[in-house]
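Visitor: If you want the building blocks of each chain, they are given just below.
There are 4 protein chains.
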Amino acid sequence: MTLRVAMIGYGFMGATHSVGWRQAPRMFDLPDAVEMAVIVGRNEDAVAAAAEKWGWAESATDWREVIARDDIDIVDIVTPGDSHAEIAIAALDAGKHVLVEKPLANSVAEAEAMTDAAARAAANGVRSMVGFTYRRVPAVTFLRDLVAEGVVGTVQQVRAAYRQDWLVDPQMPLAWRLQKEHAGSGALGDIGAHIIDMTQFVTGQTVDAVSGTMDTIVKERPMLGAGELGSLSSLKGAAESLGQVTVDDVALFTGRLANGALVSFEATRFATGRKNALTIEVSGDKGALAFDLEDLNSLQFYDGTAPEDRQGFTKILVTEAQHPYLAAWWPAGHMLGYEHGFSHQVVDLVTAIHEGSDPHPSFAEGLSVQRVLDAVERSSEHESAWVRTDAGSLTTGR
Amino acid sequence: MTLRVAMIGYGFMGATHSVGWRQAPRMFDLPDAVEMAVIVGRNEDAVAAAAEKWGWAESATDWREVIARDDIDIVDIVTPGDSHAEIAIAALDAGKHVLVEKPLANSVAEAEAMTDAAARAAANGVRSMVGFTYRRVPAVTFLRDLVAEGVVGTVQQVRAAYRQDWLVDPQMPLAWRLQKEHAGSGALGDIGAHIIDMTQFVTGQTVDAVSGTMDTIVKERPMLGAGELGSLSSLKGAAESLGQVTVDDVALFTGRLANGALVSFEATRFATGRKNALTIEVSGDKGALAFDLEDLNSLQFYDGTAPEDRQGFTKILVTEAQHPYLAAWWPAGHMLGYEHGFSHQVVDLVTAIHEGSDPHPSFAEGLSVQRVLDAVERSSEHESAWVRTDAGSLTTGR
Amino acid sequence: MTLRVAMIGYGFMGATHSVGWRQAPRMFDLPDAVEMAVIVGRNEDAVAAAAEKWGWAESATDWREVIARDDIDIVDIVTPGDSHAEIAIAALDAGKHVLVEKPLANSVAEAEAMTDAAARAAANGVRSMVGFTYRRVPAVTFLRDLVAEGVVGTVQQVRAAYRQDWLVDPQMPLAWRLQKEHAGSGALGDIGAHIIDMTQFVTGQTVDAVSGTMDTIVKERPMLGAGELGSLSSLKGAAESLGQVTVDDVALFTGRLANGALVSFEATRFATGRKNALTIEVSGDKGALAFDLEDLNSLQFYDGTAPEDRQGFTKILVTEAQHPYLAAWWPAGHMLGYEHGFSHQVVDLVTAIHEGSDPHPSFAEGLSVQRVLDAVERSSEHESAWVRTDAGSLTTGR
Amino acid sequence: MTLRVAMIGYGFMGATHSVGWRQAPRMFDLPDAVEMAVIVGRNEDAVAAAAEKWGWAESATDWREVIARDDIDIVDIVTPGDSHAEIAIAALDAGKHVLVEKPLANSVAEAEAMTDAAARAAANGVRSMVGFTYRRVPAVTFLRDLVAEGVVGTVQQVRAAYRQDWLVDPQMPLAWRLQKEHAGSGALGDIGAHIIDMTQFVTGQTVDAVSGTMDTIVKERPMLGAGELGSLSSLKGAAESLGQVTVDDVALFTGRLANGALVSFEATRFATGRKNALTIEVSGDKGALAFDLEDLNSLQFYDGTAPEDRQGFTKILVTEAQHPYLAAWWPAGHMLGYEHGFSHQVVDLVTAIHEGSDPHPSFAEGLSVQRVLDAVERSSEHESAWVRTDAGSLTTGR
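Protein chains in written order, with full-length UniProt numbering: chain A, 1 to 398; chain B, 1 to 398; chain C, 1 to 398; chain D, 1 to 398.
Everything labelled a hint here was simulated from the structure, so no lab data went into it.
Worth double-checking, as some hints may not be accurate.
You can't tell identical chains apart in this list, so a pair holds if it fits in one copy or across any two.
As the list claims (entries may be wrong) - Pairs of lysine-lysine residues, derived as DSSO-like cross-links and limited to a Cα-Cα distance of at most 27 Å, are as follows:
id: 1; residue 1: Lys219; residue 2: Lys286
id: 2; residue 1: Lys219; residue 2: Lys180
id: 3; residue 1: Lys315; residue 2: Lys286
Use the sequences and the hints to build the structure in full.
Guide: Okay, here's the thing in structure tokens:
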């Protein structure tokens, strides 16, 4: 059969998801065909241009009408977070499989409602998935598999950081991402969400409690004119008066995993010189594994069971046919990039739909991340005292 | 207008070129549209499957018929090297723009004939290009631009190496790539060609003379059964009797650039642990630049004019919008992979056709590489004594 | 004149300090000669052997007698932390210049008493210094100089970590370092002290408040027999019954500098595969600097004022004659090791004595570290809520 | 017993050898004591100052008188290469154990005479050794041990390079090191000798033939005034007229080992940005090992027998007690530097003298290096055609 896809939204994530839908069927042997049927956005001309550019067969302006169509099988939601809940719940209730870009929602309450909707839908064989695509960087998937296999033994400590530097320049303007009413939170929700999900993914454990500190380093920034919500870089230095930054620039928090192990988290947009440095290091009683998104084709593995005089971190190029997703791509040593995770996401979603299984990360996993984010905010408001996330137990999976 | 493309061949390079044709129009604003019209191969079923898989509108089995069609504008040749000359010359003479995968040909004579054909065609506004796509890894293009800008000053020494290890295993069978009659040469022609071209590209100078040594380390390998010419890895260990390896496993050579600077070259399939390590380092009297394909999003730059106490190699992440080709892709710090050079190749070819200019690398540049390869073979046969390449002067360019 | 030195203690730090006293006069042009006069320890035979081995002219068993001698100018204290206060105060009161190995003391109260004694002594021209020798790794000194010069601009965020893994093995026995009554604290006091001092040193700012979490991962370890307090590795696996570990294995804490910038600290003995990984990264609004003790001859510098397309971390080999301390050693590119900081410490102490200036780190700087350690412990005991260190303002210096 | 040492010469190598004699007895349990008895140089005041500075008991100006003394056991020769033969032969004939800094001599003839003298002396229990101290960087020694153990299997290819950049500046003056009559050769003899020796050491094989090219990049440099032969850096830019550089700036050569494996060698003083980059990589049919002197505490090991999906280069910190020489120094993860090889050299020489065995590298091994150097020069003069070294078989060893 052919799965017909409607994508709601057409910003940066619209571009990446389009690559996924375009490339996955050409490189992998998908069990079902996929068709890029329709792209939806409010601005008629702009969304038509996006359809033309990215290869969607049609464009439309009313997502409700699209969701109601019989010829749509999958709804892919890449709008800003504050609209995720409404669209996703409607789509699930309409019997469409749903892929929603991370974060699942802007609040725990929305995420809970979405998770409930996903559970109802699952009972009818309708699948839902949240787009933490960094799970599908092959080296990250492989890291998770190695932890699950036991190569590091019992996890005893984890470090997870996501460091960028695009806000160091104080002339960077006060766009919607820096306003709490639009963005929910700053570095925490945007990039902190990734490292929380990745930690839970690779360890197979929930973050049960946190102690955190959030901070805004540049407290005022140039305001944009009315209607200017576009890309930050294009607007740099364009404004005249200053407005208040109402979200965090940096969030530092310590988490405790279900098994008691401590995790240090850092989400920052002020790590001068670090462009997209998502790093994670898992230390266990038998070994360690470390990953850096700025070197995304490799994985560092320390085998504590090797002969003592030849232990060390092994830099594994995760580009062999034996590694996750790699057999479909190029010969050994030929590098993948950032975008390939979006193809892998399509592969896994389509495979799950075909097999009738629930894909990961589930909405419940997305909700779990949301609860950790919420707990960090509460801890930060209460002198950084420890707060339980009430994450509950959780089945995580590839 | 729309440029309609016919691709001849459908092996590994068929897959990569297909990605280029598919992705370039979706990510870049091409001056003309492109259409993946027809893919050509001898095996009817196999080529039809490739068309379906990779998204070509039609498939065909006779390349001559396809070249004769009026509705084809560009012929993209990804067959083995021994058929390049015949197809490319026919296509050029038929008035089709031609892209031919490297190496340009298996011999200097063929390459000369092709270059003559390209010159004739160019007089009629027909464009030709050879596919040394590593030029279009953004960090390599940027390296070349920096050398041209003068940041390293006068080039005084160059090191270029391409190291792989897939032949270390003596059970790897005697496929066509290891037989001189099919492959022309071994490591030299296959991967050595890349580092010769890259050296000429980044320095803007020809390699005028060489002294070289070629060697075959594993001299006999398991023979394949009749008709088995498929991928090497799938055949590993399948055969019973041993046959003679008739090409080089390793080629070490020293070259002299037009300005007198020495270049050390190494092309090897026996660099245990090195999967796809194409490295180049250019040393000048003001600075140095270094690149490694296993870390392809970065470039190392040593600025010898910086204050003495803070000189060092700067690791530039070549992922900013200011860097070559990058504005069309993702935000800063988001990595590209091996395949993106094939999109960039399409961008440059289509742009040149639209603008009526000759794209690079030209067939003349491909011929120049062929002459260096030939000189290395002759030197190796004559006790490694220096041999002139008679490369002539050459306009190289992006 | 000649400065005659008495060293109290002869463990691991006795060996390193001996190298410093032996090498500094041979490699540097010290303003005064130094003489390794006497080494002091309770075990007569052992200390005599140490004198013979390390080149001290005499040995003695009673530090009070040694301090009372007229022919001793400098007292160098390398005993465990719980005896620092008594010996140092006595030596200062006796008019001897004092060098005391870090940590200054095991408690704030002791450190305060020592600082008072140092102030009294300074009034009489008697000098005191605490041995945070990592300040004198040339790359660290240079990092500090560059921050002071303003190359990173305003410090906005700092990361400091000290990671080791020697306790991952649960068979590592319960030595005195793991017992609170002897060691005061675990990872926090032993290695956390280094990163607190280094942070204050390189930023020139005090850590004014902290929120921290301390944890013991392996809670019971094999007990040692009576009198066994020797080196841990020699005792591994030797014991039979289990005893309680009463100090922390890992301390994670967030600090706030005087200017408001956040610092993330990690001190751990459970970072599997990390042997001696003291790392620090200082992010400012103009650039960043990063250091790793496992690569101690280099410094990473990100210059945010460089042209945008060629920014990146520059790996400066801090081995040039222009770099701190280096002119006395070897030609450019010739590496130093861990021990060289101990020579540099001697150089700086002897120079300060000769010049009549107060050397750094002063006892007041050591006390400041002690206050931060104390605040981390209190925060950890109170749900990680923020605690002020009352560090006061402080003059730090090279 | 106590071995009394006379050192002839007091330049840069005098400083490093002095560190070795001073430190080795303090850190290692030597079987015999050593005493720094006398340092010899022609300039009476200068050598007296050196004695005072470095801790030699006496100074003297006539090496013949010193060699004749009964109370001298070891003669350590650190003069320029053109005097090695005369002094070493005289010392050996006088029954003194001899350590001579590399290169053994400036010509094959001298090296042969010295080797003959060493053989005569050995018959009387007198030991001789040449100072290729890089063998005694622990990571290099360990690399050699691992090759000998078979972890890389059969050696199939080797890359060895020594890259510096101190001649890139054309204002660097024409010192004696750049004049053939004084220095013998340039980069080849000075730093090329190191990589030849290291290759023979780690593989246990001789370099039997070479094809090489030598080149002088900056052909004229500022002349020094009469009598100025001092350190290059102090003289930079001091001169007025230009003189001819008569030695090589760069030597590129290919060697063939006894087992047929190819080695690529590069010795250059024009590798802009590379300060002291001695690198070697040994590729075998089971694995590979790689070392870089700019990161001298680590060794890269690729284990080709590991599971395919987790192969990669392991960065071993060679700082554990199990590693060569390390037990005498600091705890795990505490770095050594350049100078420590000179202590290890003393350890091995004194141990061999005590045990009555012949230390390595022997004069025969030094002669073997000299023959390779000579063959490279002859090849370079003959269009780089292959030249046999007639190195003969050789016992190499730690």
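Visitor: Can you tell me if lysine 315 and lysine 286 fall within 27 Å by alpha carbon in one copy, between copies, both or neither?
Guide: Classified as both: same-chain Cα gap 17 Å, cross-chain 17 Å, threshold 27 Å.
Visitor: What label fits lysine 219 with lysine 180 when the C-alpha limit is 27 Å: within, between, both, or neither?
Guide: Result: close within a single copy only, 13 Å intra versus 43 Å inter.
Visitor: Using 27 Å as the alpha carbon limit, work out where lysine 219 and lysine 286 are close: within a copy, between copies, both or neither.
Guide: For lysine 219 and lysine 286, the Cα distance is within 27 Å only across copies (18 Å; inside one copy 45 Å).
Going down the numbered hints, you'll see the structure goes against none, and every one checks out.
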